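Since chain A is already given, all that's left is putting chains B and C on it; use the hints.
Protein chains in written order, with full-length UniProt numbering: chain A, 1 to 663; chain B, 1 to 663; chain C, 1 to 663.
The hints are simulated quantities; they were obtained by calculation from the structure and are not laboratory data. Incorrect hints may have been included.
Where chains are identical, the list cannot tell them apart; a pair therefore holds if satisfied intra-copy or between any two copies.
Said to hold, decoys possible - Keeping only pairs whose Cα atoms sit at most 27 Å apart, straight-line, the calculated BS3-like set for lysine-lysine is:
{"#": "1", "residue 1": "Lys167", "residue 2": "Lys93"}
{"#": "2", "residue 1": "Lys2", "residue 2": "Lys66"}
{"#": "3", "residue 1": "Lys93", "residue 2": "Lys107"}
{"#": "4", "residue 1": "Lys172", "residue 2": "Lys559"}
{"#": "5", "residue 1": "Lys2", "residue 2": "Lys292"}
{"#": "6", "residue 1": "Lys125", "residue 2": "Lys559"}
{"#": "7", "residue 1": "Lys176", "residue 2": "Lys51"}
{"#": "8", "residue 1": "Lys167", "residue 2": "Lys502"}
{"#": "9", "residue 1": "Lys66", "residue 2": "Lys569"}
{"#": "10", "residue 1": "Lys107", "residue 2": "Lys125"}
Since the model is a prediction, treat every value here as computed from it, not as a measurement.
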Amino acid sequence: MKDKNGNVQPPYLGAAYYPEDWPEEEMDYDISMMKKAGITVARIGEFAWHKMEPEPGTYDFAWLHKIVDTLGEAGIAVVMGTPTATPPRWLIKLYPDVVTQNADGVKTNHGGRRHCCSNNPEYRKYSAAIVEQMAKEFGDDPTIIGWQIDNEIYASGDGCFCPHCQKAFHEKLEQKYGTIDHLNRSWNLNLFSQWYDAFEEIPAPCHAWHNPHLMLEWRIKQNESHVDFVRMQAEILHAYVHVPVGTDTMPFNGMDYRDMTEALDIVQFNHYNVPDNLYCSALWFDYLRTLKEHPFWNTETATCWNGSTAIGQSIKPEGYNRVNSWMPIALGGEANMYWIWRTHWAGHELVHGSVLDSTGRPMHIFGEVQDVADSYAKTADFIRETRVATEVAFHFTSLNWNMFSTQSVVSDLSYMDTLNQSFYKPVIDSGLRPDVIDAAQDLSAYKVLFSPLMMTLEEKGLETRIRQWVQDGGVWVVGPLSDIRNSYGARYTHEYFGFLEKLTGARWMYGIPDREGRVAVQWNDGDAFHGDKWYDVFDESPENTLAVYTEGHSAFIGKSAIISRTVGKGRVIIVGTIPSYDDMKRIVAMSCDLAGVEHGRSEGSVMVSPRRGSRNGLILIEYANAPGAYELSREMKNLLTGATCSGRLELAPYEIAVLEELP
Amino acid sequence: MKDKNGNVQPPYLGAAYYPEDWPEEEMDYDISMMKKAGITVARIGEFAWHKMEPEPGTYDFAWLHKIVDTLGEAGIAVVMGTPTATPPRWLIKLYPDVVTQNADGVKTNHGGRRHCCSNNPEYRKYSAAIVEQMAKEFGDDPTIIGWQIDNEIYASGDGCFCPHCQKAFHEKLEQKYGTIDHLNRSWNLNLFSQWYDAFEEIPAPCHAWHNPHLMLEWRIKQNESHVDFVRMQAEILHAYVHVPVGTDTMPFNGMDYRDMTEALDIVQFNHYNVPDNLYCSALWFDYLRTLKEHPFWNTETATCWNGSTAIGQSIKPEGYNRVNSWMPIALGGEANMYWIWRTHWAGHELVHGSVLDSTGRPMHIFGEVQDVADSYAKTADFIRETRVATEVAFHFTSLNWNMFSTQSVVSDLSYMDTLNQSFYKPVIDSGLRPDVIDAAQDLSAYKVLFSPLMMTLEEKGLETRIRQWVQDGGVWVVGPLSDIRNSYGARYTHEYFGFLEKLTGARWMYGIPDREGRVAVQWNDGDAFHGDKWYDVFDESPENTLAVYTEGHSAFIGKSAIISRTVGKGRVIIVGTIPSYDDMKRIVAMSCDLAGVEHGRSEGSVMVSPRRGSRNGLILIEYANAPGAYELSREMKNLLTGATCSGRLELAPYEIAVLEELP
Amino acid sequence: MKDKNGNVQPPYLGAAYYPEDWPEEEMDYDISMMKKAGITVARIGEFAWHKMEPEPGTYDFAWLHKIVDTLGEAGIAVVMGTPTATPPRWLIKLYPDVVTQNADGVKTNHGGRRHCCSNNPEYRKYSAAIVEQMAKEFGDDPTIIGWQIDNEIYASGDGCFCPHCQKAFHEKLEQKYGTIDHLNRSWNLNLFSQWYDAFEEIPAPCHAWHNPHLMLEWRIKQNESHVDFVRMQAEILHAYVHVPVGTDTMPFNGMDYRDMTEALDIVQFNHYNVPDNLYCSALWFDYLRTLKEHPFWNTETATCWNGSTAIGQSIKPEGYNRVNSWMPIALGGEANMYWIWRTHWAGHELVHGSVLDSTGRPMHIFGEVQDVADSYAKTADFIRETRVATEVAFHFTSLNWNMFSTQSVVSDLSYMDTLNQSFYKPVIDSGLRPDVIDAAQDLSAYKVLFSPLMMTLEEKGLETRIRQWVQDGGVWVVGPLSDIRNSYGARYTHEYFGFLEKLTGARWMYGIPDREGRVAVQWNDGDAFHGDKWYDVFDESPENTLAVYTEGHSAFIGKSAIISRTVGKGRVIIVGTIPSYDDMKRIVAMSCDLAGVEHGRSEGSVMVSPRRGSRNGLILIEYANAPGAYELSREMKNLLTGATCSGRLELAPYEIAVLEELP
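Bound-form chain A, shown alone (with noise of 0.2 Å):
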């Protein structure tokens, strides 16, 4: 896509590139395969250090500045990424120190990447100054259109175990704590004798069964190293570029990507979901589009499959391709790239799928990839001239994340796999289109909010806001496992709740786990409900409850499950359990009911997002490759294939459907 201009205009369809790895001949051959596919960006650089700086201090950007210009004359924009996830040998020989180091002092080898520690200063220093040296040759180059710092950067594992990020830790907890005794009452640590006499002496998270507290806080600061290596890079190059700066993050491990993105310009996100976890891939989008007013770039994804030097996948089937590229732009991104161009020939990842293979030839793929550019050109108009709407919204934080992943309550639960399974898909698949927020959003655009798994709500003045929020008129659906914990992952001790009790008087009795079937619950029309791994009894009246527990204990049979209690004039629906996926679509309809906000239009798995801007509509997209239908409000033209449609629309296996309102 390029606009008058010949400039190349979002929606981009884009692929990693790495000409650096094949002989320079090659790259004619790639271009013209690109134009063929209607690839229209490439993404290059990220990991190309030692060939940019050979020898430290010596610089040699000629290479790169031919691939750029030449891209560029064919047309291709180009995102240019800063190498630094790769450091090359020569770092590592000059500072042997400067490598990531596990728990038992192992240092890592050179040899992958990402093997230096974020918070190293010769690692910082030597990567600032090949940042600079970029920033300084390609500032001001026309061709590229964005920047993106390092690659994937988040803690993996339990992180490094250097000294810098032990001192890092230590300086952390004393800003966070101010005094050591503040640490040892809060983490209660006259339990088991634990009580620290200085900062420095807190141990990092191994080699010993640690509490919960020490293990969330080294979690929080691993994460925040890497997004203090990544604003040092903005920093730098901003000072020199014009165009969006970002970083390409994975979905890991509780990265906090509105602290990683704070000092950027842009969103970039890297994805590699399957047919059958494709829909989690929406639950990112959604969250990702609140953090930014530019829409965010997907840029990683496969077209067919991941490998490095093994594949573990089947090929997928024929459509997906279609729904996986459509998905970041119908959810409010302008921006989706394939990782990988063209296969390595050598090294890692040498089968991973791609849109050419290794051999130049294209992959099964690559008429699927022609399609998406095509439909791409058919809508880029509406798709600039628009923005996703939606009235509902749905938390997910990176401190709760974090914080089941140190204490998850009952075990073998994942925050991420039940918020999606249990929470998300019901959401969408009510044929509602959430913005997934965090706690620093916003609420006054919301009718309703859904709070599942927030274990704890205190963060950054979230607990003040809803209970405006929902004086206000909000319908807050929370629960379970919400509001339980204190920031520091701590119980409170006189109530069950934070202030869930005091804003609604509602009466927590008991919380009682089963995954054996020995609790049962009842909605009051009579109908059999089926919660998971935790439930939660209150002692309230017949007239605030939605359904109470049959089996489980005499202590608790006749008690109540799930409550509705009027607030100001607002609504709080508190949810006693994980409850399954028919019951929770239950929930999210009694909720958009009590708020006014349409609901059901969608049948199967048809996702939607209403678009609206200078022009209105929605786009539909098929995503569990079965047939589904969505049920129009008023008449429509599909923008793809030029039809009017109004009334009960029904979508093929894996469809997608542009549709704008006619005037």
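Same frame as chain A, but now just chains B and C:
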């Protein structure tokens, strides 16, 4: 329960209480709720070293006196724990080598429990000092009815590999074997040229494929180190304290509880069994009862579920707490104590089941705890005035536990699991109450002795005593996998058994592994017999044969699997395989009939504990949450219901009956 | 078996014997039982270094002479082992660095086997010395019929990471690649900025996500280190010894047995297969036969089960020992030896199956051993006067084994398992006796060659020789996953195959992973065809196509999965997937028909070994314990039964037939 002087009397209902982890003002509330629940004993102090000795040599017991006094004033007795399981951070700072090390030399961090090595001299010195200070302070306190040394002390995993442990290992070997050549020959160390030239050359069992004899001795010594550490504390306490001193143990990893309790006055025992394996606690109670004259204390068990930061269990069926709380009392103990009174509000174990939730609200199980307190009160005199009476014994020894852990003969054979499931359960389900005895126990009181999985009988002269006991008329059910190793874990070289052939005249031919059903056996009456994992084949005459092989290999079809030999006035039944549950019950019945021991009055899973003393009776426990029954031999009164019973007494699921013989 | 001079003659029936681990007085009994069992050869010495050299440089062979002499006097021949697998403790004391190290630098402890590093100079020095001493002592001993160097020497796991190994790795790389830039380019090390500036900078494959080329070279060098160590011993022995010298190997971890046996006179081989995978031994025998002129020795196999301190197996079906003992003889060997003669009474492996139990009593298998001895005796002349004769070959190479271990293309693809199950078994069940050949083997004798999973053909000029052989009329069945990597494990950049397209003119389009059944294939006659894990798609004309795709993706439905191309006088059949058992048999039949090779005379699991020489015949082995049959082409005499047979010969489960053509 209190006596006429207002002193708390057994049976005790107790709970672990950590007031040092809570604001002082919570204590009155907690105590009022203890009174309401019927709790008569609080276990305190065990993890509070830092609070008692905030700096090296500076002690503060004022706060602890206040707690003891407040409890005492409320009529709640105290069990005082020494806090040596949780040394303060300053000890590790002063002596960084005081902590345990893994096989790679990695040191355990501060932050959990039991991180210091029981063999470390500095740790021992500071432990002795805090224990002596506590003993001086509280030795005469009338509220304290017992002391507990440390907490759940045992060798975790392979134990500690620090230099002190390695030295202790070498000293133990020298003491046991005398000369290095004796060790080399005993362990057959010409094999693989392993021959050592000095004791100090012998490695810890890591980083090589080690022989089983070395591994066995290491396990034994690791446990002994903890026994020594406890003994050191006991000697200090005994100088100041006049109530029983014990240590609360966990049934893990081959610890020898006879050794452990030798220097102590009382057996204290923690267990966290669940419905499916509750009967395994009974084996322990049947064993612990034999170790000391004083009735044992069940110092820890859960009211409802375990959990540190995550609960892996489900709500237990109603009534489980009754059975779990009654079992130690019925089987010869005088205390049942819950862990924990009130769930921690932060730190470790903040989701563990308790009596009060961390909010202070009663857990759903609160009423069940009250019921237990009531039932203890109704029967307290009967419990105190009677002892468990039995005619049968069942072997269990720590040496064999450790030997199976280091050479299990057939893979996936867990000594404890097989002992419980394949042998102990059929015995107790036959309506027998066995003493579970180790090698040291006198045999003269028993008519039947079961010795399965007694890999070695070379322990404390057991062989000689069994020989005499059988000659005098005992019925000995022995095997499988018994008497097949000497005390070092070596095989015999000319006979398969150490003395079974010599004792009985039987002749062993083959030992056959099978878990694919290739081997089949038949009782003499033609019933099929199904063994498991291992089969011994005997060349035995039909008149001494109870079961023969019908499938497997022509070398042994028609040969004998279970044989019965008259020896002196007694009988030896050698069981050549791990029998099924039903076949083991058949063996139990045969042997009891031979010995004139009454059996078979139970139906279902009803455990019986005959009680004799100044009054007589029995206690029945339905332990499987299913209907059961027991055929009474005479008219009795159920002290819990007041009803008079005779003949077939039906028990409801999880019912307890405390029955006294009518005069 | 003895010749007319009283010397023991092949086929040998032997057992490993460790008299040094037993009292001297046991030897007479053991030898009398060997005679009874029919054992003609004892393997001794292999682990007795400490007894031979109790102190550094002090040798004692008197005891060993006595053993050899006593065996010799009893008419039992000896295979003498060098004891270098078990260095004495004093060596580790003198040189603590002599032991292997893991990736974390943790040293292996004394206490097992093979704990010293084959690259360590001190270990080599002392090994050379003990071997030379032994050679001098026993080089002319007439009782000794062969020597065995060390025992089961191979790289365990990832091998040794000690400094000597790292240095050897760097030297190997320098020798192979010449310059570091050549290595950097060959491994595509611009990728991830991995570029090395010197060979000594290259890390061992640990503590990073390493590239597959580095991992491949490490594996190759680790194995070469052991080959060098064995060669060093062979050179010493050859100066003194006049009987065949070998080393008893285990089929593990990519060892190259051609390299290993290059400096040796004979192939010695240990295996411990069980009924389910017994045929996998046949692949090894078919391979080992091709390495040396001298018939190989099966130096170790179990009579009944394996076990060190625990047995994980079940009793084997009766007759299994017959088949297991006959297979090496039938397939070209001249010895079958059991491990172990008499189970160790202590130390390691004290529950291993044997001929005598540690008690000295015969195991249940004793009669089966006697039967084997009898059957060898009846057929010995025929065995000695004939050799295995075959017209087909089947590729297996260590380079490809190692390459699949470092990059398996699709996950969970084990080279050896897939080779055995999906390719080798259908070949032998088609009544063929293949030579299993590596890349060095001359092809001219064969009419059909199977080359599945030959990831690289760039080995020892194989590509050129295959090209010529096909031109000359050979029928080559190649693929899947063959010819897709160069010798470094890199992909080709312009064609998928190294030379298959050039050779045949075929055109590869796509490679597709699938394990969910999304891809389907059909034979030309309409039969459904089921492949596994991987599918190659060819753009091929119908006349050259044997099977086409019917499901998967519209990009390749109707394209070809198996193609057949005429090349010169020969034919190339490219198999694009891992076929099912039945489909592979179909491919075998088609290719044999094309080549005029007889096939299909077997029914069930009857393995055939045609024998040619001064007499002619064949040996049949029913190897699945089920009825089978073979269609004889002429009248023959069964040397085991004396019966004359013709036409369809039925074999009972586990029956052996040694058939000689009647004149």
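Structure-based check of all given hints:
Taking the closest pair of Cα atoms, Lys167 and Lys93 come within 27 Å of each other both inside a single copy (24 Å) and across two copies (17 Å). For the identical chains of this complex, Lys2 and Lys66 are intra-copy neighbours only, at 22 Å inside a copy versus 81 Å across copies, given an alpha-carbon limit of 27 Å. Proximity of Lys93 to Lys107 under the C-alpha cut-off of 27 Å is found in both arrangements, the shortest distances being 13 Å within a copy and 25 Å between copies. Taking the closest pair of Cα atoms, Lys172 and Lys559 never come within 27 Å of each other, the shortest separation being 45 Å inside a single copy and 61 Å across copies.
Taking the shortest Cα distances, Lys2 and Lys292 sit within 27 Å of each other inside one copy (24 Å), while across copies they are farther apart (70 Å). Taking CA atoms no more than 27 Å apart as the test, Lys125 paired with Lys559 passes in neither setting, with 62 Å inside one copy and 55 Å between copies. For the homomeric pair Lys176 and Lys51, the shortest alpha-carbon distance between copies (25 Å) is at most 27 Å, but the shortest distance inside one copy (42 Å) is not. When the C-alpha separation of Lys167 and Lys502 is checked against a cutoff of 27 Å, the pair qualifies neither within a copy, at 40 Å, nor between copies, at 61 Å.
Taking the shortest Cα distances, Lys66 and Lys569 never come within 27 Å of each other, neither inside one copy (64 Å) nor across copies (51 Å). In this homomeric assembly, Lys107 and Lys125 come within 27 Å of each other (Cα to Cα) only inside a single copy, at 20 Å, whereas the closest approach across copies is 33 Å.
Against the hints set out earlier in the document, violations occur for numbers 4, 6, 8, 9.
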